[in-house]
Every structure is written in C-alpha cells, then in structure tokens.
Amino acid sequence: MTTLDKSTAAPRMTASERGQFSLRTIFQGLTGRPMPLVGTLIVTFFIALALFGPQIAPFRFDEIIRGAARQPPSSTYWFGTDHLGRDVFSRVVWGAREIITIPLITTFLCVTLGATIGMFIGYVGGWVDEIVARLLDSLLAIPALVLAMVMLGTIGPSVAGIIIVIVLLYTPIVARVVRSATLNLRAAGYIEAAKLRGENIAYILFREILPGVLPALAVEAALRFSYAIFLTASLGFLGLGVQPPSPDWGRMVNEARSTFSLTPWALWFPAAAIGLLIIGVNLLSDGLRRVFRREGQLV
Amino acid sequence: MRMNPVIEAVNLSIEYRLGSEWVNALRDVTLAIHPLEIHGLVGESGSGKSTLALALMRYMAGNARISGGSILFDGEDITHATPEAMRPLWGRKMALVPQDPLASLNPAYTIGEQIGEITRQHAGLSRRDSLARAVEMLRRVKIADPETVVKRYPHQLSGGMQQRAVIAMALSTQPRLLVLDEPTTALDVTTEAVILDLVRELVREEQAAALWVTHDLGVVAQVCERMTVLYGGEVMASGDVRSVFARQVHPYTISLLASLPRAVHGIETRLPTIEGVAPSLAERPRACVFADRCPVVLDMCREHKPPLEATGDGRIVRCYRWHEIADGTLTLQTQPLEAATSAPPHDNHVLEAEHVYRFFGEAGMLDRALGRERKPVRAVDDVSISIRERSTLGLVGESGSGKTTLARVIVGLETADDGALQLLDVPLSKHLGRRSLEQMRNLQMVFQNPNDALNPYMTIGETLARTIRRLSAEPLDEAAVNARVSALLQAVRLTDEYAYRYPTELSGGEKQRVAIARAFAANPALVVADEPTSSLDVSVQSVILNLLKDLRAQQGASYLFISHDLKVIAYLADWILVMYLGEVVEQGTVEQVYAGPSHPYTEALISAIPEPDPTAVGSHIRLEGDVPSARNIPTGCRFHTRCPRKLGAICETEAPPWRDAGEEHFIRCHIPVDELKILQQSVPEGLSR
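From first to last, the protein sequence lines stand for chains A and B.
If you read the first sequence in numbering that gives the first Met the number 0, its first letter stands for residue 0, the second for the next number, and so on.
If you read the second sequence in numbering that gives the first Met the number 0, its first letter stands for residue 0, the second for the next number, and so on.
Be careful, since some hints might not be right.
Stated by the list, open to error - From chain B, some residues computed to sit far from chain A (all C-beta separations above 10 Å):
1. 53
2. 439
3. 447
4. 451
5. 514
6. 555
7. 611
To be verified - SDA-like, lysine to any residue: derived pairs with alpha carbons at most 20 Å apart:
8. A/194 to B/469
9. B/150 to B/106
10. A/194 to B/373
11. B/429 to A/198
12. A/194 to B/106
13. B/645 to B/634
14. A/194 to B/435
15. B/566 to B/594
16. B/141 to B/158
17. A/194 to B/412
18. B/429 to A/196
19. A/194 to B/437
20. B/429 to B/476
21. B/429 to A/200
22. B/429 to A/206
23. A/194 to B/433
24. A/194 to B/430
25. B/304 to B/327
26. A/194 to A/206
27. A/194 to B/429
28. A/194 to B/407
29. A/194 to B/458
30. A/194 to A/253
If you're looking for bench data, these hints aren't it; they were derived computationally from the structure.
Glycine included, C-beta positions come from ideal geometry on N, C-alpha and C.
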C-alpha cells in the first residue's frame, strides 16, 4: 500500500490555471479584449496627462492671453479659449492632475479602511457586526452629494476636505462588499484550522482572509475610483471643489455655463474629459471583473 | 415475453468542447431499460454517469454533442430530436428526479401549485383538478396530511419530504421513463431507506422504467434489477444485479466492492484499495480506461481497448481477463488484510466531557424586552462522553442530531454553554482563546469538506509549515520545519513535490490527506474528524480510512470520528456513541452495539443501511416521519414520535432511564434490556434480522 505515491493526479498548473491572479494574468485580461483594452488605453492616457501635463500644455492654466478671449477651437487654441482668454486645452490638461490624484488618494484610503473594517466585522460577527454594519448602512442612507455639501460647507472647501468627505462616503460601501465576501469565507475549513492553531486575528484577517476577498476588493476599488472622479467633478461644479485659480473640470463646466452661448467649447471639452475618463475607468473595472470571474473567483 | 425497452442507447458517444478541443465524455455506451425495471447506473465522480442519464433524456449541456450512436425512446429515434420536439416528452413521458430537491423546487410557489403545473401543462387539467391530482400524488408518495402539504412552500418541508414531493411531481403524468440522479445522496440513511422502498413500489405500480444514478453500490443492490458500471465514460460491466454482484468478473467492480468498509471482529484490518485516481476527461487512456489503476493489468491492456463481451448469462463485460477471473484462475485481493495491531486501547482517558450543553438562538435581549418567548435549538443537551487513549470513538446520528456541534464544542470552535471538559486529565477551557498552546497542539480537527480545508492561496508546504511553527513548543529553524513537512507528507503518502503545489492542483482525496497531515503536524493526542470521507468517492474513502488507521497506530493518537455512515464507524471505531436530537441514546463498543440488544433508534439506523448484496434480506425497520425540530423537542423520550417499539404513554411523558446492558454498554430506553433482546431477536413481519 506504499505505492500510493503514484497517484500524481493533477499536473502542475500555471497561476492562472489554478484560478489565481497575478499582475500578468490581470494585464492579459485587460488587454486581450477590445472593451477593457479601450478602457485601459483611456486611463493610461489620462494618467500620462496628469504626470506630464505641464510639459504638454502650451500655456499655463492661469495664463490670460491678451486679446484672445472667447476664441473658438483653432490650431493655436485647440479647445478654444474661455471668456477670460485662458486656453481651454491647457486648463483641461493641467486639471487632469487633480481629478486623478484626489480620487486615487481617496480610493486608496477607502479600500484600506473599508477592507479592514469589512473583514473585521465579517469575521468577528455577533453584536459587533450587527452594530457596525447597521451604522455603515445608515451612513449609506444619506444622499452622497447632500452630505458632501453640508460637510464641505461647514469645514470650508479644500483638497483635504474633499478627500475626507469622499473617504467617509465610500468607506462604508467598500466595507460592506468586503464584509459579505468575508462572510462566505469565515466558515471555511482553513479559517477554522487557523483558529485551532491559535492564530491571532490580524494573521487570520490579513493572511488567510485577505487573499480570498482581494478579487472583490479590486473590482470595488476600480468602481470607487470612477465614482470618486465623478464626485470630485460634481463638487467642483458646485464650487466646493478645488479652489480657483486651480483648473478643475467640474468648476470649468460651471464657469462656462454662464457664457455657454458665447463659448460653448469651454463647456464641451472639460465635460467630455470627465465623461471619457469615467467611461475609461468603468471599462477597465468591467475588464477586471471579467478576469476574476473567468478565473473562478467570487466577485 | 420480453417487452420492448422504453429507452435504449446504442453505442452512444458524447463529447464536450473544452476550449477549442472536443473531448470524449462517453464512449460506445449501450444500455436498455425495460418497463418495470429499475436500472442502476453506478460510477465514481467523473465517470460520466450524470452525463449519460441526462443525455438519455436528450438534455445536454451547451458544449456537449452526440458524436456517435443513437438513442431510442419507445422505439423512436430521438438522437437528433430538437428541443421543440422533445418538449412534449419532457415532464410527460420522461421525468427527472434531481439530486438536490430544494434547488429543483421553486421557492416562490406552493408545493401544490408546482405539482399541479405539470398536469395543467401536459394533461390540460383545470386548476382545481390539478390541485386535487397533486394531493393524490402526495398521498401516493406517503406524505402524511397531503391537504396541508400542498399549501406549504418548499422551505417549510424537510429534505426527505421535499424529495418525496419531487418524486410526486415526476410521477404525476405517469411517465414512461423516470430518471433519478442520486436522489438519496443528500438524505439520511433512515430517509433513504424509505425513499428506496417508495420508488420500488411506485415504479411497479406505474409500469414505468427507471434509471437510478448513484455511486452507492448498496443502493443498487437493494433497489435495482439491472445495473451498468461506468468508469471513465465507458461501460465496464452490465447485467442483472444479482449475477453482477454474485459473479463479479471485472477487476474494477471487484476492487470497488472490496474497498467498501466493513468490520471484521476481533482483528485489526486494512481495506483493499484501488490505487491512483480516476483519469480526468482529457487524460483518459486510449486503450483500457482502467488500465492505470488495474491490479491485474497486462501489456495489451495499455495498447488495445478491450471489447465489450457477453459472458453468456446476460451480462456484458469489458476486460481481456474476465475468463480467467470467471473460472477462478485469477483472483484479486478482496478480503480486508490483517493490519499491524495497534496497542490495545488504554484505560486512561484522553478526553472527558461532562454535562455539555450548547443551545442556539436563545431569546436575546430584544426578545426578552418585548416579552417574546423563543425556544432555543437544543443542539447538544446534557451530553457526557469520554474517549480512551489510543482508541476511536465513533459518533453516529442523523443530520440535526447535534453530533457536529458536539465535536465543535470539544475542539473549541463553538463555546459550550455549560459543562466541563478535560484533556489528558487537565481541565480544558470552553473558550478556544483560553486554551494553552499545549492543549491546542493536542486537539486538532479534520474537516468535512476537503475543498475548503486548505487556503487556496498558499502552497501545501506553506500551510503545513505554518502549522508546524505555530504549534511547536520551541522555535524551529527552516531546515527542521522542512524536514517535518516532508515527514508529514510521507506519512500521508504524498511525495515531497506536493509541498510546492497549490490546493487546486490536488484531487479531493489528496486535499483530505493534506488536511489530515496538518492535523497531525504536532503529534496530537486527539483528532476530531467530522465526516472526513463523506464527500469522497468510495475508492478514495478506503484510502483515507486506511491512512487514519495507520496514523493512529504510528502516532498513538485517539479519534473522535463523526459519521452518518455506520459502516465506516464500524470499520474504524472501537466505541460507538449514538446521538438523537442532542442527546446520547446509546453507547458501547462496536461489537456490543451491532450485536444488540440496541436502542430502537440504533436498530433502525443499522437496518436502514443498504447492504451491497442483493441477496441480503435485512430487517425492514422503517422510521416514520422526520426528525422533529430541535426547537420543539418531544416530551418524555425524544424518540417516541418515530419509535417503532413505543410502549405507550410512559414514552411520551417520562424521560427514559439509562439501562445497563453490561460491560459499559448503556441504552437509554424504557424497555428493559432483556426485553429489548427478545424483541430484537424475534422475527418482525416474517423477515429475519
């Protein structure tokens, strides 16, 4: 009966065949299909703008070009100029920096906080879960924009303020997603085996549970990123975002609104930039979801 | 005169598309089922038995195609029938009873509406008539009080009732062919026994033909007239059940039957096993599919596919060597082998648990404030057990008996509400967090489901190394840990190379072996095993059971072994504890419990086991009804609602006393031991025990 070693059942598999994800499989998943590829290209494009904006833009964002106010798009002013004579193209390019970095920071914070809270309450369960989960739910019941306006109106608009508000708004959502993914895992044999060898809660959460909720978390992170862009732009539009003279797409749309009949292009281009970026991020998150689903992950 | 077959498959081959390739799932399967016949289709997981069962109904997955052969239904060729052409047949002429009844019942409709829908659709009955028909059908499947049951929703019924409702639904149009896909696999033995009787009776009454798909040879022996054994998508043997069982000529059938656990009194034994694992779809050998695992394989078996041959007595077999096996010149190992006897069980106790309670869903603060009364689920209700050193205590009971909860209370995954635990004569805290490292090391568990027992993101080596490090008394260096990992892998008969694999690269049996290795990482004193083989195939089960036996002998560990399968318990355990509704009703050694006198519940459990021997005439004690809810436990003796030996009022009002049947064999029953002995030796209704 010692010949059982012969039973080399399954052949070795690559990471993706095992249903695990690596940067490589994610990259392949995102570039292998047309829609995620488009999304990836769009997002890469905007990230490049954010990084190299000042080098690309022909003018400074606050430069008022004398005698060139209300110019329609032309070979000099690609997107035209606004009612004050600022180059719309340059402002859009400069503005990419804020609209990318603020959501990036907030998404990072939301994901870290939300995942920790979600895994903790999902794993611990009981009345802790009951109370915290209800608390998170009640936070979700308040309309995002209303809460953001009230809070920013109180503390005054600033970049830090925007970040705090968005983190407060979106952390509960991430926590809820992670909590439900955790609930699926908490009764698994390998978690119970970890308890039976006396592992502490940090080890169980971050070493045993985290890898299992990572797919759901990655998709949620991409989604939160796109909503954060949306919210940042909305706050800018309402005058609660990045303060002038910094170029902010939302604010640009709002400013151009009053002079729409004279300089419609000053509204078109920032609005189109917001739309394009959000579409790009959504296509990308859709691609991520596909990668994880194909690899048999719970998303 | 022989009637024409209802369904016939002739040289049927089916392929699945995997990626861009077509792989063979079934090859040259020939099978015919006549009216009044229940045909057993046996095979392990991946043998293609479900594919075949559904294909006979022309019901196939989107990526499947028939690549050869034909299917005849009532003499009519339906091989290439379109779904539109099949629709009038489905549900009307051929009906399916699937494995999971709850998944096949719509939770949003009452039972009556769902059964009625079939007859409204196919027989054009009015709403009222269809409901009347539903009541009648429920009565036929022996559901008590069908008028109320038709108004219930699926989740309000027990598993056994749901399965009966599904059978009622399938039979409501008097189909010609009934396909049952593992209909009792998810049910308790006692419920299974009732369903077996029921289907046998109904098929006879309806003059239907039935195909019963199962992995359980016992079920086939008890319920089927003819059988087909599938392996790797091919027919290995087929024929009349009695002759197939009595004169086995195929090495696979012989080995499979031999690997079923059974107790041999007095000596320590090991089960004969089938080496290796079943080949996956894409890797099936081109010649004989069983060649890689066959104990009597010849060179020619790996080069040419053996033909299906008739043996002359109505059976067919696919093996080059069946002649030799049939005339006795070639014999295979079928008897349990004597094993190295482990040291006799010591009298010291490794674990003692006294008056343990665990209730669920007790009235919370809110309920009390609102004055609501909620009865708790009394999962474990005053249970005391003790496990001797180097011995195995088998814990048996139906689902809902509290056996898993008791095990979890002992290892600390559930915290007991009350009671005292002692491990190796040292008090053991009820809270896992308050147990010492030493106690954790000594108390480990093997879980039921091998598929979630190992973290999919860690290699086997990482999982084992982590456990070794955590549980080790002193810090170990890298080399010591690696040496231990490799020793553990060797102990469960896996090569070192497995340390670098991830769980998804392992088969179910291999995963369970790793889980066992993990439990043994630090020489535990007691390993709690919760149905470790229930999700594994028969041939894999025997390997795991042998392994557990070996480890017990080598490491000197004790087991608390939970199973619903009395045969497995009888094979592995020294002592048995029978639980019913949170209480222990009988305890004793395996021999005592089997030989009787035994508690009427134990007696029913034993008699419900389907024997893998069609000639066996077991006693036919069938339990009526279902296990009562543990929220509303019957007064008096908890078993009185189902007890076939109920005395009378005393059973309903007074809790039964423990009766001493001698030598630490105890039975909790109102009937005195001597009377039980006489009752159980007498012949109930003309059948011998």
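To see whether the hints hold, each was checked on the structure:
1. Here residue 53 of chain B stays apart from chain A, with its beta-carbon at least about 23 Å from theirs, past the 10 Å limit.
2. With a least CB separation of 5 Å from chain A, residue 439 of chain B falls inside the 10 Å interface cut-off, contrary to its annotation.
3. For residue 447 of chain B, the shortest C-beta to C-beta distance to chain A comes to about 8 Å, within the 10 Å cut-off, and the non-interface label is violated.
4. The claim that residue 451 of chain B lies off the interface is violated: its Cβ sits roughly 4 Å from the closest Cβ of chain A, which falls inside the 10 Å cut-off.
5. With a closest Cβ-Cβ approach of about 7 Å to chain A, residue 514 of chain B is found to fall inside the 10 Å limit, against its non-interface label.
6. A cut-off of 10 Å between C-beta atoms confirms that residue 555 of chain B is not in contact with chain A; the least separation is 20 Å.
7. Listed as outside the interface, residue 611 of chain B is consistent with that label: its C-beta sits roughly 22 Å from the nearest C-beta of chain A, beyond the 10 Å cut-off.
8. Restraint check: the Cα-Cα separation between residue 194 of chain A and residue 469 of chain B comes to about 11 Å, which is no more than 20 Å; the hinted pair holds.
9. Taking the CA atoms of residue 150 of chain B and residue 106 of chain B, the gap is near 12 Å; set against the 20 Å cutoff, the hint holds.
10. With a C-alpha separation of about 31 Å, the suggested pairing of residue 194 of chain A with residue 373 of chain B is violated against the 20 Å cut-off.
11. With a CA separation close to 17 Å, the supplied pair residue 429 of chain B and residue 198 of chain A stays within the 20 Å bound.
12. Taking the CA atoms of residue 194 of chain A and residue 106 of chain B, the gap is about 36 Å. The hint is violated against a cut of 20 Å.
13. For the hint linking residue 645 of chain B to residue 634 of chain B, the alpha-carbon distance of about 14 Å falls within 20 Å, and the restraint holds.
14. The suggested pairing of residue 194 of chain A with residue 435 of chain B holds, with an alpha-carbon distance near 13 Å, which does not exceed 20 Å.
15. Taking the CA atoms of residue 566 of chain B and residue 594 of chain B, the gap is about 14 Å. The hint holds against a cut of 20 Å.
16. Distance hint between residue 141 of chain B and residue 158 of chain B is fulfilled; the C-alpha atoms sit about 15 Å from each other, no more than 20 Å.
17. Proposed proximity of residue 194 of chain A and residue 412 of chain B is supported: the alpha carbons are some 8 Å apart, at most 20 Å.
18. A distance of roughly 16 Å separates the Cα atoms of residue 429 of chain B and residue 196 of chain A; the hinted pair therefore holds under the 20 Å criterion.
19. As the CA atoms of residue 194 of chain A and residue 437 of chain B are separated by approximately 14 Å, the hinted pair is consistent with the 20 Å bound.
20. Of the supplied pair hints, the one linking residue 429 of chain B and residue 476 of chain B is violated, its CA atoms being roughly 33 Å apart against a limit of 20 Å.
21. For the proposed pair residue 429 of chain B and residue 200 of chain A, the alpha carbon gap of about 19 Å is at most 20 Å, so the pair holds.
22. Restraint check for residue 429 of chain B and residue 206 of chain A: the C-alpha separation of about 26 Å exceeds 20 Å, so the hint is violated.
23. Distance restraint check for residue 194 of chain A and residue 433 of chain B: the Cα-Cα separation of roughly 12 Å lies within the 20 Å cut-off, and the hinted pair is therefore satisfied.
24. For the hint pairing residue 194 of chain A with residue 430 of chain B, the CA-to-CA distance comes to about 12 Å; that is within 20 Å, so the pair holds.
25. With a CA separation close to 23 Å, the supplied pair residue 304 of chain B and residue 327 of chain B exceeds the 20 Å bound.
26. Between the alpha carbons of residue 194 of chain A and residue 206 of chain A the distance comes to roughly 13 Å, so the proposed pair stays at or under 20 Å and holds.
27. Proposed proximity of residue 194 of chain A and residue 429 of chain B is supported: the alpha carbons are some 14 Å apart, at most 20 Å.
28. With a C-alpha separation of about 12 Å, the suggested pair residue 194 of chain A and residue 407 of chain B falls inside the 20 Å cut-off, and the hint holds.
29. A distance of roughly 19 Å separates the Cα atoms of residue 194 of chain A and residue 458 of chain B; the hinted pair therefore holds under the 20 Å criterion.
30. Taking the CA atoms of residue 194 of chain A and residue 253 of chain A, the gap is near 56 Å; set against the 20 Å cutoff, the hint is violated.
Checked against the numbered hints above, the structure violates hints 2, 3, 4, 5, 10, 12, 20, 22, 25, 30; every other hint is satisfied.
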